Amino acid sequence: MAKVKTHFEESDVLIVGGGMAGTGATFEARHWGKDLKIICVEKANIDRSGAVAQGLYAINCYMGMQWNENQPEDHVRYARNDLMGMVREDLGYDMARHVDSTVHMFDEWGLPMMKNEKTGRYLREGKWQIMIHGESYKPIVAEAAKKSADKIYNRIMITHLLMDDKKENRIGGAVGFNMRTGDYHVFRAKTVIVAAGGASHIFKPRAVGEGMGRTWYAPWSNGSAYALPIAVGAKMTQMENRIVLCRFKDGYGPVGAYFLHLKTYTQNANGENYEKKWYDHTKNLVGEYIDHHPTPTCLRNHAFIQEVMAGGGPIHMVTTEAFQDPHLETVGWENFLGMTVGQAVVWASQNIDPKYTNPELTTSEPYVMGSHATCSGAWVSGPEDLSPPEYFGVITEC
Amino acid sequence: MSTFVYMTRCDGCGHCVDICPSDIMHIDETIRRAVNIEPNFCWECYSCVKACPNHAIDVRGYADFAPMGHSVRVRREEEKGTISWKIKFRNGNEKNFVSPITTKPWGKFIPKLAEEASPDQGEINSQRLYTEPNGLNIDGDLPTISKDTFKKGVYY
Amino acid sequence: MITNNPFSGLSEIISPIAMQGFAIAMIALVAIGTLIDIIHKKNVKYFFDNAKKAKKSAKIHLSTRQRTSVILKTVAHDIATTAELGRGKRRVAHVLGMYGTIIFWVTSVLLIFSFPTAGSSTPSSLTIMWHVGAIMTCLGGFWFWLFLRVDVLAEAHPWYRIIKADLFVLALLACATFGLAWSYTQFSGVIELSYLFLVLYITSNLVLFGGVYWSKFAHMFYKPGAAIQKNLAEADGSRDNLPPLADAPKQFGLGIKREQPKHY
Chain H
1 MAKVKTHFEE SDVLIVGGGM AGTGATFEAR HWGKDLKIIC VEKANIDRSG
51 AVAQGLYAIN CYMGMQWNEN QPEDHVRYAR NDLMGMVRED LGYDMARHVD
101 STVHMFDEWG LPMMKNEKTG RYLREGKWQI MIHGESYKPI VAEAAKKSAD
151 KIYNRIMITH LLMDDKKENR IGGAVGFNMR TGDYHVFRAK TVIVAAGGAS
201 HIFKPRAVGE GMGRTWYAPW SNGSAYALPI AVGAKMTQME NRIVLCRFKD
251 GYGPVGAYFL HLKTYTQNAN GENYEKKWYD HTKNLVGEYI DHHPTPTCLR
301 NHAFIQEVMA GGGPIHMVTT EAFQDPHLET VGWENFLGMT VGQAVVWASQ
351 NIDPKYTNPE LTTSEPYVMG SHATCSGAWV SGPEDLSPPE YFGVITEC
Chain W
399 MSTFVYMTRC DGCGHCVDIC PSDIMHIDET IRRAVNIEPN FCWECYSCVK
449 ACPNHAIDVR GYADFAPMGH SVRVRREEEK GTISWKIKFR NGNEKNFVSP
499 ITTKPWGKFI PKLAEEASPD QGEINSQRLY TEPNGLNIDG DLPTISKDTF
549 KKGVYY
Chain P
555 MITNNPFSGL SEIISPIAMQ GFAIAMIALV AIGTLIDIIH KKNVKYFFDN
605 AKKAKKSAKI HLSTRQRTSV ILKTVAHDIA TTAELGRGKR RVAHVLGMYG
655 TIIFWVTSVL LIFSFPTAGS STPSSLTIMW HVGAIMTCLG GFWFWLFLRV
705 DVLAEAHPWY RIIKADLFVL ALLACATFGL AWSYTQFSGV IELSYLFLVL
755 YITSNLVLFG GVYWSKFAHM FYKPGAAIQK NLAEADGSRD NLPPLADAPK
805 QFGLGIKREQ PKHY
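Chains as they are written, first to last, in the working numbering: chain H, 1 to 398; chain W, 399 to 554; chain P, 555 to 818.
In short, the hints are calculated from the structure, not lab data. Among the clues, some could well be false.
Unchecked claim - Straight-line Cα separation of at most 30 Å, DSS-like style, residue types lysine-lysine; simulated pairs:
| no. | chain 1 | residue 1 | chain 2 | residue 2 |
| --- | --- | --- | --- | --- |
| 1 | P | Lys811 | W | Lys510 |
| 2 | W | Lys502 | H | Lys118 |
| 3 | P | Lys610 | W | Lys484 |
| 4 | H | Lys167 | H | Lys190 |
| 5 | H | Lys235 | W | Lys549 |
| 6 | W | Lys486 | P | Lys596 |
| 7 | W | Lys502 | H | Lys127 |
| 8 | P | Lys804 | H | Lys115 |
| 9 | P | Lys595 | W | Lys486 |
| 10 | W | Lys493 | P | Lys609 |
| 11 | P | Lys606 | H | Lys37 |
| 12 | W | Lys486 | P | Lys784 |
| 13 | H | Lys37 | P | Lys816 |
| 14 | P | Lys804 | W | Lys506 |
| 15 | H | Lys147 | W | Lys545 |
| 16 | H | Lys5 | P | Lys816 |
| 17 | W | Lys484 | P | Lys784 |
| 18 | P | Lys610 | W | Lys486 |
| 19 | P | Lys595 | P | Lys606 |
| 20 | P | Lys613 | W | Lys493 |
All of these numbers come straight from a predicted model, not from anything done at the bench.
With the rest of the complex left out, here is chain H (with noise of 0.2 Å):
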């Protein structure tokens, strides 16, 4: 047996995991620190890692200030609305005053974006997201970082994060195994960012045979960016919070363009609207949040679950109506064939053409995730401007 090397690096900045954030917090990274070391290691190939793999087909949060279409504190209220008032909203409003000049570099790189056609401006599904052709959404970013990063270590999966022996409570790097030639690698860094991803098959999926791969999250995401943190005592938040997601039957296919732009809808056995229904179990539950607009996703998700549970499966969504619309199949179909191939793999190995049959939709078993509208994950201080002056301790020493 090939006895196992070990590999010593040494960096300024150590970026961990290369997926949509590790690659991009690499090119942002190079921008502050023209003369740092800087260092992505990823335990795939970042050209295609992480969970935007196949693509994406929208882009979820874009205020558009450019059209005056949103303001961030308008985007803190919905996600205030969303989940219920468990929020930070300093973080909400720094991520929202942001996403625009990301929006608009990648539109500068090379990504499709879609336009409507009487306004010139990127096409909106619903109000705030907006579309986009984002097959290879991954490797353009991607490609940032390579030509950012000093190094990219792909490959490469970091195992622990390393504590600085010297300074207390400080990180120092991190280590882990080529999964190729099962060398041992390690990472001494002066600072460190931990972008290794969410959490797939904490509860069991739906399919338990080979099925187990079709998961609404990639199943290679094994929740390195909270395994990470937790090991070395960083402070948790929300850790409870559990994401269930409504989408289509089996192939879990994104039902947001469905809702938003094909304005396809819901439906039980009986054929009924049977949210309604929930309206007095839901506030006795949760009290006035169902009487916001929008409502909820986590309490529509609640109705759809009390209406299963109650009797009135399966449930549909009623495409034949949208699908007549030519634009409109198209945008249905290739909402898939970029963001989730399997649900048109499921449909067609069933014979579900949704300009004929009306699909079944199915809850998601739960996630640990923090994104797309979760809030879990890691503590963190937030911007200086916007967070609560006690976070930020006075420096010391560097």
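Chain H is already provided as a structure; the job is to place chains W and P on it using the hints.
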């Protein structure tokens, strides 16, 4: 079964092994061609399918819920900036789609930041990100707001 | 040395009839091994079943003349230049090794059947080609085996790791290498060594041709068949259910595909 390899088409180039985000495409030891070693960890992301220069990889839906006889095949053409799909239903119906995957030559309009001017200390101390505030396309600076406007949420 | 006919030197201890019988036996082993492989894997059966199924989605019906034209073009281009390997070292190495092997085998048969005792009156073009074929096989084969094998390149296995898939190429390289060593030592008069290399050469041939059922040997029959089927499917529009090429200009260059598959 998710992705599978047509052995007559595979020539052992290794592109699928190199790209798979799940690390499940590997080389069979008897015939030195690609094989999916763990179909139940395949997300059907089609990265390997798109990467294969000989179109030797195809997808069959998961045995849990997908009867055989369907076909969803793809042709990703980087030089043309297009992706073409052909969907064949089990009953023989067919759908075809072509979409753009880029509007610009790959990488050409992504700047090499090391060659651009360094930000000054004022910039570094600010809350702006790269391209801001101009990149926001608004009048004025990066939006900010008084901390008092935030309602208390999940604080410690 | 490369005008030496090693078989005529050999004919002093082994009769030409025995040599010729051995050559025929090797050819028979290839046929038997391939036949058993086909029966066991049922690959030819599936191949024709799939071709029949694919015909149903053919957009146009090809005439015999069109089919013949496609087949001839496939042989002349795809097969003759191993086009499926695309641009790069693997294709060069394979073409080198492929033609080297063909030349080596054909000249071996010609020497054994037409000039087994001719000695120095064997046409020098023949003996030169025998050696050149072996050298080309070694060049292409060792280049491939040491540097280009995908399990070494893309999966980072050490070059000395031997798997079942290596049976064909290693046996072939052994034949070519030991054949050259045998010819050289025989020509130089180093008799004991030349007998050693002769034994190794014979053994390598037995392993190479006897191992057809277990090795990748038969790919040289299957791959041409697959190439012909692929081009016929392209010509009649069925295209193995693949979408057609997009009707758009090539203006964006290469993205992911510009790099070698070796990111680790």
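Now for the hints, and whether the structure bears them out:
no., hint, verdict
1, P/Lys811 - W/Lys510, "holds, 20 Å"
2, W/Lys502 - H/Lys118, "holds, 24 Å"
3, P/Lys610 - W/Lys484, "holds, 16 Å"
4, H/Lys167 - H/Lys190, "holds, 12 Å"
5, H/Lys235 - W/Lys549, "holds, 22 Å"
6, W/Lys486 - P/Lys596, "holds, 26 Å"
7, W/Lys502 - H/Lys127, "holds, 28 Å"
8, P/Lys804 - H/Lys115, "holds, 23 Å"
9, P/Lys595 - W/Lys486, "holds, 28 Å"
10, W/Lys493 - P/Lys609, "holds, 19 Å"
11, P/Lys606 - H/Lys37, "violated, 59 Å"
12, W/Lys486 - P/Lys784, "holds, 19 Å"
13, H/Lys37 - P/Lys816, "holds, 23 Å"
14, P/Lys804 - W/Lys506, "holds, 15 Å"
15, H/Lys147 - W/Lys545, "violated, 37 Å"
16, H/Lys5 - P/Lys816, "holds, 19 Å"
17, W/Lys484 - P/Lys784, "holds, 17 Å"
18, P/Lys610 - W/Lys486, "holds, 13 Å"
19, P/Lys595 - P/Lys606, "holds, 19 Å"
20, P/Lys613 - W/Lys493, "holds, 15 Å"
Hints 11, 15 from the list above are not met by this structure, while the remaining hints are.
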